[in-house]
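Participant: Residues in the sequence shown are numbered from 72 upward in steps of one, following the numbering used here.
None of these hints come from the bench; they were simulated from the model. There's no promise every hint is true.
Restraint ranges, calculated between C-beta atoms of paired labels, are given here [unchecked claim]: (1) Ala317 with Gly133: 19 to 27 Å; (2) Ala228 with Thr350: 46 to 54 Å; (3) Ser111 with Ala360: 36 to 44 Å; (4) Ser176 with Thr350: 37 to 45 Å; (5) Ala360 with Ala197: 46 to 54 Å; (6) Gly398 with Gly152: 16 to 24 Å; (7) Ala184 with Gly307: 46 to 54 Å; (8) Gly398 with Gly143: 20 to 28 Å.
Computed from a predicted structure; not experimentally measured. For glycine and all other residues, C-beta sits at the position ideal for the given N, C-alpha and C.
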Amino acid sequence: MSSVFKPTAVTIGIALVVLAQHASAQFYALIDLGSLVPNSYSVPHSLNENADVVGYSYAGFGAHAFAWTAAGGIFDLGTLGGNTSYAYGINDQQQVVGYGLQGSSEQAFIWSAATGMQLLGTLGGATSNAREINNAGQVAGYSQISTGKSRAYLWTAETGMQNLGTLGTASSNSYATGINDSGQVAGFSNIGPFTHAFRWDSAQGMQDLGTLDGGKSYGKAISNNGSVVGYATAGGVEHAFLWTPATGMQDLGTLGGNNSYAKGVNDSGSVVGQSDTATTAQGFVWSQAEGMRNLNALLPDAHGWTVEAALGINERGVITALGRDTGGRTHALLLAPLLDEQPAAEEPPAE
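Go ahead and model the full structure; you've got the sequences and the hints to work with.
Facilitator: This is the structure in structure tokens:
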């Protein structure tokens, strides 16, 4: 029987106290967030500054959006009337966004404890999807328009959905995947035969972030200082990138395999994602000082879990991750930084 670390408000609190004392932590405590149905799966996405996590988990009749807090554990956010819902973004006010099935149609929602799930509408087409929410309550995602094409949008409670356009023509598609607290949006859009990452703001509109090798690029997340991460083609494979206004697009490399994918970034420039190794795909954390590190090498006690991907990182360095245990279960995990140095092995007791 594998040993699994169960989260409690006390244990996560201890990890975050240690974190506050060691801001540049390199090693992590692993916390299993569980699942809505015992021995089923859960998949994380975003987290906020309180280390509250959202994602989705099997709920008996399909996947349901969930939120997890240290005080309350994992709980079901419900659906829009169908069997399926998915949560992708959460802000510090614990507003959650995602999408659910209403009939056979995907519909974006915003959820709060006070209101439950509320529809965000569409840009005139049949479907919509919400991917991230900032602390001002602005939402980024994508929706079909009347022609059936997809458009990135910015939603506010006051104005509803704003069509952000595309990098190409009216026949192109665009998708928003991240938003920061300034209302800058990251995503990707068709431009001719290719797809390019973009950054959008109200002053400059949609900015093409380019590529690594002239092929494709996909923006996935944006920090409050305007840095964008994602992945782009690099010599026939795909590599994680970090884009900043000062440096442009930087190839972050891999963990020794062919492909890597950046999924999250914080204001300190720490990037998380997934990379191939020589044998399998595993989660990584990257910094300018230390490069790309395999998160599985940074766990003093993995409790039987292997981190297969990292999805998000907050300003205190707490990471959401997807893991698989020795029994084959797939669960959402939380990785809380510990010490600046790896804990020393305990000395055996004296004879």
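Participant: May I ask which of the numbered hints given earlier this structure violates, with the numbers listed in increasing order?
Facilitator: Hints 1 and 6 are the ones this structure does not satisfy, whereas the remaining hints hold.
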